[in-house]
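Heads up: the protein sequence lines correspond to chains A and B, in order. Numbering-wise (the numbering used here), the first sequence opens with residue -5 and increments by one. Numbering-wise (the numbering used here), the second sequence opens with residue 17 and increments by one.
No lab work stands behind these hints, which were simulated from the structure alone. Keep in mind the model is a prediction, meaning the values are calculated, not measured. There could be a bad hint or two in this list.
[Claimed, not checked] Between beta-carbon pairs, the in silico distance windows are:
no. : chain 1 : residue 1 : chain 2 : residue 2 : range
1   : B       : Glu114    : A       : Thr50     : 51 to 57 Å
2   : A       : Ala244    : B       : Ser117    : 48 to 54 Å
3   : A       : Thr57     : B       : Gly159    : 36 to 42 Å
4   : B       : Ser117    : A       : Leu79     : 42 to 48 Å
[What the hints assert, rightly or not] Non-contacting residues of chain B with respect to chain A, defined by C-beta distances greater than 12 Å in every case (computed):
no. : residue
5   : Leu101
6   : Ala103
7   : Glu114
8   : Ala148
9   : Ala149
10  : Asp191
11  : Gly259
12  : Gly303
Even glycine gets a Cβ: it sits at the ideal position worked out from N, Cα and C.
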Amino acid sequence: MSPSRAAWGCQGLSVRYGAKLALEDVTFEAPAGTVAAVVGGDGAGKTSLLRALAGTVRPAAGTVRRPPARRLGYVSAGPGVWTDLTVDENLGFAGRAYGLSADELDRRVGWLLDRTGLAEARDRLAGRLSGGMRQKLALAMAVAHEPDLLILDEPTTGVDPVSRAELWRLLASSAADGAAVVVATTYLDEAERAATVLLLDRGRTLLAGTPDEVLAATPGLVVEGAARPEGIPSWRRGARWRAWSPDGSAPPGTSPVTLDLEDAAIVAQLREDPGRAA
Amino acid sequence: MTHEEGLESASGRPAGNSGRQDRRPARPASSPVGPLAAADGATRRFGELLAVDRVDLAVAAGEVVGLIGANGSGKTTLIRMLLGLVAPTAGRVRLFGEPPSRRTRARLGYVPQSLGLYEDLTVAENLAFSAAAYGGSEAVLQGELAEARDLLVRELPLGLRRRAAFAIALAHHPDLLVLDEPTSGVDPLQRARLWETIRASAEQGAGVLVTTHHLGEAEQCDRLVVLASGRVVAAGTLDEVVGDATAVEVRTPTWEGAFGALDLAGLPVSLVGRTLRVPGADPGRVGRLLADAGIQAEVAPVPASFEETFVVLAT
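Produce the entire structure from the sequences given, and follow the hints as far as they go.
Written out as structure tokens, the structure reads:
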């Protein structure tokens, strides 16, 4: 990772839809050759951030640094493919839209069909693909022109674990080839694979950094036990309870756990809004 | 284990079918009716397609069982058989000790992934409608959901919609809960709160069957049943399912090159931060591939994650 490599991203970014502030003062960096995860639930602001990075919404405040549109790949949430076109036609359409020559297009389409395992389905209508195959096609279309910045909005939602592993392999492959990859997800265990994580909640940054930095920055102590600890915020993990001890002491009957991102995110949400501890 | 031994269909399978694991824990001898939901050699064929192939599954009172499978694994067909929407072509399915019927259905709470709410009705109207349909009492709404009782469901954020669907499914105190992707799309704290509700139901004696694509969710379950191509390929606790499965971990300053070399060789390599992992691979082979590509790396076998184990089992 030489420091001269470009880092795309945003600084102090806010996005407003009418009276609604969807994103507030978010700073985020997506260095070339890495995968960055943007995590949050429904309404957290993930899509607003991705759209602003892609240049499809205008920031209300702050700055965005992105490559020219022709060097950008974007996979929106939802189908992201033309369901009435075949797999081949979808890829051809995307490639030509990005200005690939006929030769380049042939080479890239062959490679992408091979890499995504879609070669056998090349003549099938995209509308007849399974969810996982459709997402792989959408990803293949977004990387047909080998973009510098690849943005994906929840590519693995509703996708089965086998296809999910394949999708992440394709993302990693783009990063290995030098692209900055930004991927939104609702799942923290998925974010653990990324080089950096940004957790959004109601439009604001709750956590940011490498997974290790995020874990190290969690204050207090997370403990676990068989019974619900009294007096401190708690949540379930399987048949057991977990709880956050802000002062770092383990209540009787509990023991400290090795923190994961799911715990760190829950603690961050509890700190942001103690009213939700109930 | 079950008190009725006869098979419903003509094509019975031999009892004690070998080659398949059955790690169901022994139920207490005092239990009068056995499991709340049971599939015994359940099989469903659609023409040429064998969607579900001799599946054994049991959900007992008080336990949370995770049904995990890729697309096309037969998960949906199995659930539909348990709900009584599809009949097995061989083997047997029981709900509360009898064939699924309208009567058994009333003791079951089901939350589909689509939630099954009427979007043009308010939360309160959805509740009243469901209570009338089940003949039970209306759910008592709490907290944010109580404040939202007069809002149209379509106006609610996804987290509240999910909680409304749960409240409705639980209102008639079902003995068995069937939940499809119960926490999809919500934030970590809302996910934790939904699991608190699921766990509370189990602790009050309900059996819970959860299907999910999200393997982090599997950790919340007491027991897992892993389906692939219509068959049970693993069953037991998370630790039992993962067993001694390993992945190969590759640490190198130049992960990009190592990734390319292993990917090109067709290995299912994944990137975690700046470390590479190859589930189910031979460390020697990984080492040779990297050496041939002129890449210096530390290569070591490590315990596989559940997700890695699943992908190896399912492919």
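Outcome of the hint check:
no., hint, in the structure
1, B:Glu114 to A:Thr50: 51 to 57 Å, "holds, 56 Å"
2, A:Ala244 to B:Ser117: 48 to 54 Å, "holds, 50 Å"
3, A:Thr57 to B:Gly159: 36 to 42 Å, "holds, 39 Å"
4, B:Ser117 to A:Leu79: 42 to 48 Å, "holds, 46 Å"
5, Leu101, "holds, 21 Å"
6, Ala103, "holds, 26 Å"
7, Glu114, "holds, 29 Å"
8, Ala148, "holds, 30 Å"
9, Ala149, "holds, 28 Å"
10, Asp191, "holds, 19 Å"
11, Gly259, "holds, 18 Å"
12, Gly303, "holds, 19 Å"
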